[in-house]
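Colleague: Protein chains in written order, with the working numbering: chain Z, 896 to 1349; chain A, 896 to 1349; chain G, 896 to 1349; chain F, 896 to 1349.
Copies of one chain are not kept apart here, so a pair can be met inside one copy or by any two copies together.
Straight-line distance between alpha carbons at most 25 Å, and here's what the computed PhoX-like set of lysine-lysine pairs gives:
#1 918 <-> 1112
#2 1313 <-> 1150
#3 936 <-> 1313
#4 1265 <-> 1150
#5 911 <-> 954
#6 928 <-> 913
#7 1122 <-> 928
#8 1200 <-> 1313
#9 1265 <-> 1200
#10 1265 <-> 988
#11 1150 <-> 1200
#12 1270 <-> 954
#13 988 <-> 1313
#14 1106 <-> 918
#15 912 <-> 954
#16 1200 <-> 1270
Derived by calculation from the structure, the hints in this document are not laboratory data.
There are 4 protein chains.
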Amino acid sequence: MAPPTRKQVVVSVNPKKKPWEQKLPLHNRWHPKIPSVATVKTGQVFRIDMVDWTGGAIKDDNSATDVKHIDLSTVHYLSGPIRVVDEEGIPAKAGDLLAVEICDLGPLPGEEWGFTAIFDRENGGGFLTDHFPCATKAIWYFEGIYAYSPHIPGVRFPGLTHPGIIGTAPSMELLNIWNERERELEENGLKSLKLCEVLHSRPLANLPSTKGCLLGKIPEGSEEWEKIANEAARTIPGRENGGNCDIKNLSRGSKIYLPVFVEGANFSTGDMHFSQGDGEVSFCGAIEMSGFLELKCDIIRGGMKEYLTPMGPTPLHVNPIFEIGPVEPRFSEWLVFEGISVDESGRQHYLDASVAYKRAVLNAIDYLSKFGYTKEQVYLLLSCCPCEGRISGIVDAPNAVATLAIPTAIFDQDIRPKRNKLPVGPRVVRNPNIPSCSYDGNLPITKNPGATGS
Amino acid sequence: MAPPTRKQVVVSVNPKKKPWEQKLPLHNRWHPKIPSVATVKTGQVFRIDMVDWTGGAIKDDNSATDVKHIDLSTVHYLSGPIRVVDEEGIPAKAGDLLAVEICDLGPLPGEEWGFTAIFDRENGGGFLTDHFPCATKAIWYFEGIYAYSPHIPGVRFPGLTHPGIIGTAPSMELLNIWNERERELEENGLKSLKLCEVLHSRPLANLPSTKGCLLGKIPEGSEEWEKIANEAARTIPGRENGGNCDIKNLSRGSKIYLPVFVEGANFSTGDMHFSQGDGEVSFCGAIEMSGFLELKCDIIRGGMKEYLTPMGPTPLHVNPIFEIGPVEPRFSEWLVFEGISVDESGRQHYLDASVAYKRAVLNAIDYLSKFGYTKEQVYLLLSCCPCEGRISGIVDAPNAVATLAIPTAIFDQDIRPKRNKLPVGPRVVRNPNIPSCSYDGNLPITKNPGATGS
Amino acid sequence: MAPPTRKQVVVSVNPKKKPWEQKLPLHNRWHPKIPSVATVKTGQVFRIDMVDWTGGAIKDDNSATDVKHIDLSTVHYLSGPIRVVDEEGIPAKAGDLLAVEICDLGPLPGEEWGFTAIFDRENGGGFLTDHFPCATKAIWYFEGIYAYSPHIPGVRFPGLTHPGIIGTAPSMELLNIWNERERELEENGLKSLKLCEVLHSRPLANLPSTKGCLLGKIPEGSEEWEKIANEAARTIPGRENGGNCDIKNLSRGSKIYLPVFVEGANFSTGDMHFSQGDGEVSFCGAIEMSGFLELKCDIIRGGMKEYLTPMGPTPLHVNPIFEIGPVEPRFSEWLVFEGISVDESGRQHYLDASVAYKRAVLNAIDYLSKFGYTKEQVYLLLSCCPCEGRISGIVDAPNAVATLAIPTAIFDQDIRPKRNKLPVGPRVVRNPNIPSCSYDGNLPITKNPGATGS
Amino acid sequence: MAPPTRKQVVVSVNPKKKPWEQKLPLHNRWHPKIPSVATVKTGQVFRIDMVDWTGGAIKDDNSATDVKHIDLSTVHYLSGPIRVVDEEGIPAKAGDLLAVEICDLGPLPGEEWGFTAIFDRENGGGFLTDHFPCATKAIWYFEGIYAYSPHIPGVRFPGLTHPGIIGTAPSMELLNIWNERERELEENGLKSLKLCEVLHSRPLANLPSTKGCLLGKIPEGSEEWEKIANEAARTIPGRENGGNCDIKNLSRGSKIYLPVFVEGANFSTGDMHFSQGDGEVSFCGAIEMSGFLELKCDIIRGGMKEYLTPMGPTPLHVNPIFEIGPVEPRFSEWLVFEGISVDESGRQHYLDASVAYKRAVLNAIDYLSKFGYTKEQVYLLLSCCPCEGRISGIVDAPNAVATLAIPTAIFDQDIRPKRNKLPVGPRVVRNPNIPSCSYDGNLPITKNPGATGS
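So that you can see chain Z by itself, here it is in the shape it has in the complex (with noise of 0.2 Å):
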């Protein structure tokens, strides 16, 4: 009886080799003209292979250097894409849904550690970048499903492993509405927002741009290649397509309906996370690794009429839906720290759920560096622990309430507030990693460096 479900390797990797050198191309950009690398059937339980997102730029070793000077025009590395027909052959139409359940995920076998990294405020950033303008990073090595990093010691905790993108190919049209919401924000932004002045400066959006880009069987300077890379869009931000939603609890046994937009679906994936926290605060905040999935997939035609209702002008401003499973590593106590949308000034900000999420964190990373770590550290471990990051209240004027609650179980010591005095922690490993910061303790405050990569 051949067992029906016996896994086939899609796409597999060689985390070894650059990512322009893998046996089936990889890509880092959505557009409908992407040809899909391989097909897959429903009911079929295949494997796919991926790198990490930077496509192994960020070295095992205990210098940010190469977190400093990242070239972020080339992320994020993308496996398939992978088209999709059923049982009979016929192939997913726009307008189904393409149902995908993780059956299964992890690192590569020999590749069992990944980094979180602090972006320079001026090559990429992060939420905190005007607190921590320094690039730095994190290494971690994995002992089966728990991560402990000699660079954060004194924690470890089991993985929420999850792919940090996942999406389906965009239509011409869907692309053409993403270019154009996006363009205009990096046009208008400055002038407009609010958040800017507490974000300020990071990019606004992440415009298509030839630099970097990777099509993957489409050949580099090929006239066609020109063309597809002037229009076609970053994986920097999630959209309707699924794409780059980052949602921690997106793991083993987790089921993920994506809307279809052209035939086959065409759907990649990559940006593997062994680990991370909600909003991946530091950017690069995820523990990031290479890694695989083992994917299980279904059509429901019709589906998108069906289950979603588009959310704006055309029939495509829609989201995907996901259902989460009994299979995550469960904590009995949490410690939470709270936000409100006041931000670092003292300013009144109303109901802006991001400046009181940030404002969380912040407590957060002031209560844990009490307790022998340094702040940087602290940014670090929220970025890519099992953290929750809420929106508790949204409606009280003018203060939205955002909080942050960490499992207490990840911490060989007892973290909660008490009556007598904390002992002095013994943990304090000034990390090592920080390269020469240019920034001093008045941070600059830097006019919009434009969009990363151009």
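We have chain Z; now place chains A, G and F onto it with these hints.
Modeller: Okay, now just chains A, G and F, sitting in the frame of chain Z:
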């Protein structure tokens, strides 16, 4: 042997009486001069009763007329202030942390019901007021730990019951900070704030007002009352003292670490919720009820300096910390809706978690309305059921990603997407309690109507 | 709008009064002729109070004299019987299933305490009576959902509160089956039973006895009373009607499907436990208390035939079914002790789960006594804390494997094995309440003393 | 920077080869003289592969003929022994505790399938062999973390994967104790044991036998082999050294504290289970598979004396301790079946948890067979799905109460009792793989056929 923990009722209320007729007077403002009504010792288990946040203004009936015309200048009615002393009788002092453990809580005996309401857009509004401008309400009945509503059939869920408000009295200095920053927003907010275009018609802030003011033992109309009423902060937003943080997980077994700003700590509590969803989106969005708390206090001397870090120009810019315990209803399977920071008009916002969450909630409402519910019913349900609102990604410019996760077990039908067409839902119960609604399909874009109560 | 679920108190008790002085009479035997004291309708939420199983015989003090001399002929005092009718007033009938949902439960207001006791080996005994022959007790105080004991310092845990007993009235035919099979055991057990050498000195069964008998509305001493008392089954063991099943997870949100043997179902309940460990090993092993239940009934007509399968010579040999809901305290980490079916003398038993479990419990007691506790304290603790007793392997001849899992979070110290030597436990509180104990180290092997109460 | 935890494969197996053809020899007996095949250091993460417990005797097909005629003298094939030394190279010593952490585990790549079987009552039998005497089997296929079976349609569940066997080598003294006590049972058991009337036809013990014996590096047929084979203990039962404890929760993140009896600890492991129910009732009851473990060891010097307490005539009568971590599939709703210690003939047993559990399992089988399954299918299912077998009450003479709790989410239909009649189950798939069965309805009561393999 005298059981040392026999609990003592320090505040009792009669839910049949008006807020101003209670034996121990209630209050609905924050001010250091509101006298404490009782003193408790650390280590002692004691009980506080509270009226619902409207003090009985909303009735257990089928009409939303009470909701439509509610006087919001009078909310929230709080029990307290409670003065806390240690075992030697020495009161909590400014700079201490007050640890409040919630030993138990619940509805008042004989009052096993609650309400969830949508406010009229001209009188309170809510997170989705531009989509749902008409007042409506749902009544919930409790069967022990479970709630169900005749207005939203087919759902039943256990309560994660919690007080929406618990906070210490502010010092005069802190109060001044609040009033100043909120006045600044009220006066200058409209011209600068982006989000106002989305959430256009709600008041930006709720400044002090004598109208509706209740100040506990301070006789109404006295000179002192007049002075305090003109200074005292409204209870709508959560702030540095805790207050209306609406954190839905602060249930049995939780601990709240509140900063102490005045001698005795003088904490107050109210706004009991039988259950609430993250965000409490419809504003009167929890299952609002009268109820009781059983509490136990501890004082961590000097704890503010030890554990909290000011995040602003003065040492007072702090936030409380919370501990969540092992006693929550747990759900194994969740259906998750995603939103990105592109609004309903298709406009791109920059890493705005509020816009992303709004979109996630709208997606969930549309989806669930396919199962036999009106959208108003779902809006009410998502405000009060134990759903989780997460900030999943806050760094991938320009799209923040927010998610709303709904436990599937609260429904009596399978709400997951499926291959075969949905059965026609038999449960459409046209919500009977919408009063005549003056809004038509073309919602008027109103100017900011000013602070409630003014 | 009249809230349809406003609960009604159908049985109230006064814990200050004796069991036989309560307004609605209690009973402590199973018999079809005990008249119902109240009638409830399906769908109605109602409340039943109950005294503790001893009816107040054990006091909140430091002496175990009351435990040592307790009259076990009078237990358990039950509230009921309750007659159940459907919405049309038609009573439950033999052959139906009675579904009882536990909507809520807890201690009686003002009675927030309980006790756990070890019985003297000549008066009740317990699972480990050959190791712990002396009467002792621990008093527990409740702080809302938490319990702690001055007699067992350093532990505090949330209660998984439940009724030890809930059962329907047996038919005369079923009662006869019980009496016959238990008499057979009582008469012939000693010569054939292996386990008796292990658990040697406890009564084999507890046959009907007029001594201590309480029969509700049947006047004591009447002819009818005399007849019924001589037939009525003791409440000690669980049987086909449910009864003393001591399933610790039957807490809030659970449902119990009881077979109906007589018209009206006539169910009774009692023996409230604030908390219990699997096995309730010390016999008076839960945290015993008075308390209340809020219940809602449903009748599944013909449900016995539909859902239950007789497992014996008559259609009456059935067992109830239970549903456990999502509202339990959850623990993330457990320390597990194992036992195999080799007894303390080194003798091999054949797949005997009772022997294996005994060994697991003894292992746990010895282990925990290394952390500053006396063995009596641990025996009491394991009887009442939320520990799980599992049959892990029952097929690998000759060793059954049983396990006892203890949640580590209930202790205020880390009880896991560690590389470095244990700190000397500071918490040895010599249990103060052991009355003079007549047993020396060489425990006398006594003959079966006969049924308690005879 | 060399990642210190890069795991090393210390035992690899080829599942296509016979157990005796593997590169590193396997063994199927416990004896101190079986030489270790590899050495590991504490702190090192390493990997051990293992064949399934039968070494490939059961095939992935539709016939149970292989099950019926299996040679049970050869089980279980174990990988090891593994010698453990500390960081300085000093081996574990008798009296130490060996802490083994399970960092990860799973099926072997390409071998994503397993089997569950009922043994013929004359060749192995099982817990319910008197009810299910005929050999049968179900094949399971794995889709990542999920398993499903074509032989038991309508169920799918995540695996709580674990090794059924992990144990240290016994000392000669301990081995002698085992052999003596099991021989005593084998010789004298039938006349004294009550339970044998219930579980009548299975071997009482499995004494040493040269037949089928495999001793690792010891050449078969040599003088040494002959001597050891006649002394070495069978691996069927769990004992003081751990061994076949079949604790279903020993999955990812668990820690096992094993007593050390010989220098180097020399632990072995095998009998991988993709999933198992408590009790593993059908004997070949888990989802049996080949697989791998990733482990990390620690040595607690002198830990036996520090943490274990001998429970018998010698210091060797101890049991391992286990720690269970936060990474298990979790289920919110359970259907629970109860059994009491009255057997199927209606006979009363005294506090016999084995009889009670048998009754609970039989009740569950009968119940679930109402949903379209054959009883054999349910018996197989309850052996291997993540159901929990509890000792609920062990003190209420004469009835022990045992429960079997089944997570309702593993079924694709609602299996709870309901008011309305059951729909006719569409899923009756007559189990196709029962070979000709020589048992008729009147099951012959056979005498004890003696030890397997003799």
